[in-house]
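Peer 1: One-letter residues, chain by chain:
There are 2 protein chains.
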Amino acid sequence: MGQDRRDFLKLSTLATGALLFSGTNNNLFANNIRTNMKSSKLKLKFYPYTLQLKHVFTLAKSSRTTTPVVLTELEYDGIIGYGEASMPPYLGESQESAQAFLAKLDMEQFTNPMEIDKIISYVDSVTMGNTAAKASVDIALHDLVGKILGHPLYKIWGLEKSKTPYTSFTIGIDKPDVVRQKVKEAEEFKVLKIKLGRDTDKEMIETIRSVTDKPLTADANQGWKDKHLALDMIEYLKENGALYIEQPMDKNNLDDHAWLSERSPIPVLADEACQRLVDIPKIYQAYNGINIKLMKCTGVKESYKMIILARALNLKVMLGCMTETSCAISAASHLSPLVDWADLDGALLINNDIFDGTKIIDGKVVLSDKPGFGLTKI
Amino acid sequence: MGQDRRDFLKLSTLATGALLFSGTNNNLFANNIRTNMKSSKLKLKFYPYTLQLKHVFTLAKSSRTTTPVVLTELEYDGIIGYGEASMPPYLGESQESAQAFLAKLDMEQFTNPMEIDKIISYVDSVTMGNTAAKASVDIALHDLVGKILGHPLYKIWGLEKSKTPYTSFTIGIDKPDVVRQKVKEAEEFKVLKIKLGRDTDKEMIETIRSVTDKPLTADANQGWKDKHLALDMIEYLKENGALYIEQPMDKNNLDDHAWLSERSPIPVLADEACQRLVDIPKIYQAYNGINIKLMKCTGVKESYKMIILARALNLKVMLGCMTETSCAISAASHLSPLVDWADLDGALLINNDIFDGTKIIDGKVVLSDKPGFGLTKI
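Just so you know, the protein sequences line up as chains A and B, in that order. Under the working numbering, the residue at position 311 of the first sequence is numbered 311, and the numbers go up by one with no gaps. Under the working numbering, the residue at position 117 of the second sequence is numbered 117, and the numbers go up by one with no gaps.
Here chain A stands alone, though its shape is the one from the complex:
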């Protein structure tokens, strides 16, 4: 299965490729490829990597300077798909738990990487949780399949490259002079995302408004305790140019979010309250939209289904991320022509990205035309 086999594959591909464009089909060659492909197996590799954040990252309940990730490689017949699990500590996964999960997987049982549904169902069935680790396999598998098909995923999914949104850029909670500096550094971005949910919220907004009048998006990360105060804050945010608000209150508080979503002048989005597909029917009447993240929902396959479900239930859709390399960001970005808003700045917040793929150009998500998610290792 070494050089000879690869040479044979090249030769077969040459033949079928040419025949495709001349509009006929050559069963002899096609069968040879299939027969040969069946003898190969999916091989999974993974290793830990630590993302170095450019700024200390402060949320409502924690702050940190690194994010642990695990990078995956799924190999089939010499073609490698890349994946990533990003694990901000507050979500309950770690490099250890992700690697323990990945070590459990028997990927070599699969001899046909094109059977994505079957493979993803298996991976999901192995444990209840481990959504980020599962996403790392889903991403690698889609990247691999895109490379096998020879096209970027957005194209295989029938999407328009030009429909990618602008991404917001996150300004973390910090002292006023640091916030002002961050806003200046974010000059190329058209929309700024503000982390709220603390008693300094208005001060944060005022600081930002002192240096820019760009539209804002706001994420309270469950930080507000009272629905009336939340509504007051949202009205204040609306007056200050906010486009939407994420997860104002506790994720388990459906009634108060329903009350708020009915009255809010801007869409109220579920983030912590909406992890996976099964959550949408449970929460959709209490929110105006959802924030989908690969790491919460096990990857692009389930994200795609969540977008379709959310649309059918008249929910707005945003696509978010963790701090991630351009690997996971590129994967999410291929779905972004389908959503209302994107917050895909994760790779811009780190110093040690090791993938080249989707780029953010003048604030807009720009997909690569290379096969798969267009990933190359830097």
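You can take every hint at face value.
No copy labels: a pair is met if it fits in one copy or bridges any two.
Restricting the straight-line Cα-Cα distance to at most 27 angstroms, the calculated cross-link-like pairs of lysine-lysine (DSS-like) are:
(1) 238 - 190
(2) 163 - 43
(3) 104 - 163
(4) 364 - 118
(5) 118 - 370
(6) 118 - 190
(7) 163 - 118
(8) 305 - 161
(9) 41 - 161
(10) 316 - 118
(11) 161 - 43
(12) 282 - 305
(13) 238 - 225
(14) 41 - 370
(15) 305 - 118
(16) 163 - 41
(17) 225 - 316
(18) 359 - 118
(19) 163 - 305
Please keep in mind that the hints were generated in silico from the structure rather than gathered at the bench. These numbers were taken from a predicted model, which means no experiment stands behind them.
Chain B: place on chain A using the hints.
Peer 2: Relative to the frame of chain A, chain B by itself:
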């Protein structure tokens, strides 16, 4: 753009094909292909065709010996995708209305067939109705894209070929000796579908049970007028081996269907009550499942979304058809690994099929491995 251009494309494909399998990417060639592809346009052709039924087809409200269809061809760069609109007269479309719709379409505005979402959105926006005519474009476009990618659609969608279901075979309403003869002719099928909704329902079941004990499925086509009588009939059907019942009562009668679905010992499926994606959120609480047909819902793109939505809302899913050639049947069949039950016998009910594609072998749906929907003209 004649022979020279095609030769150039072949050459470029040879190069990128080989490079794909050696795991690198050649931008020069890739860009050349893209640039050249952009200069081509989608070209739509269509023509009427009349299906000759093997048996007089009797439903609750009508009977007939032919079904009018319109066949479409969508051409791009010498590659042709095939499509079909089937129009049983009771649905309100005709060869004239379908052709009038297709004549309105400006498909030449599209220079990239891979942008399925954009193209399908345009086609759907041209009129409110014409779902079968729209499906004929959707089917042709997917077939074309599959041929461009060089793979069957089920594979591009990541589905398992072996997961295709058995199809039911429809035994139309007829005199007892004809029914017995039809059941004998249907020997290879594992499940028989019975059209009910008339006052001869029990006689029909008894006739069938006198010659076979195969499982049945039943379709009342809105024929029953009273929920209590409907429940009695369903219990009788369950005792006689029925797997599910389609559209027992009037499609607008949600309350009685909700009452029935709660009590029925077998799943109650919406057919006439569920045409398109937007119908599912309206009716899902009144039924246990839905029957998806390409001709009702504008094609495979929307069918795929309907399957995802139905699954998320805990609905059973069956995939049905009209009398159709193997063109539309093949298109539906590539989605069939995703559903619980299939009724894809449409091409078996006619004498003058003009496509070779998906086959029914010993009652099971067997997909072709040729690109697109695997269609060739007979």
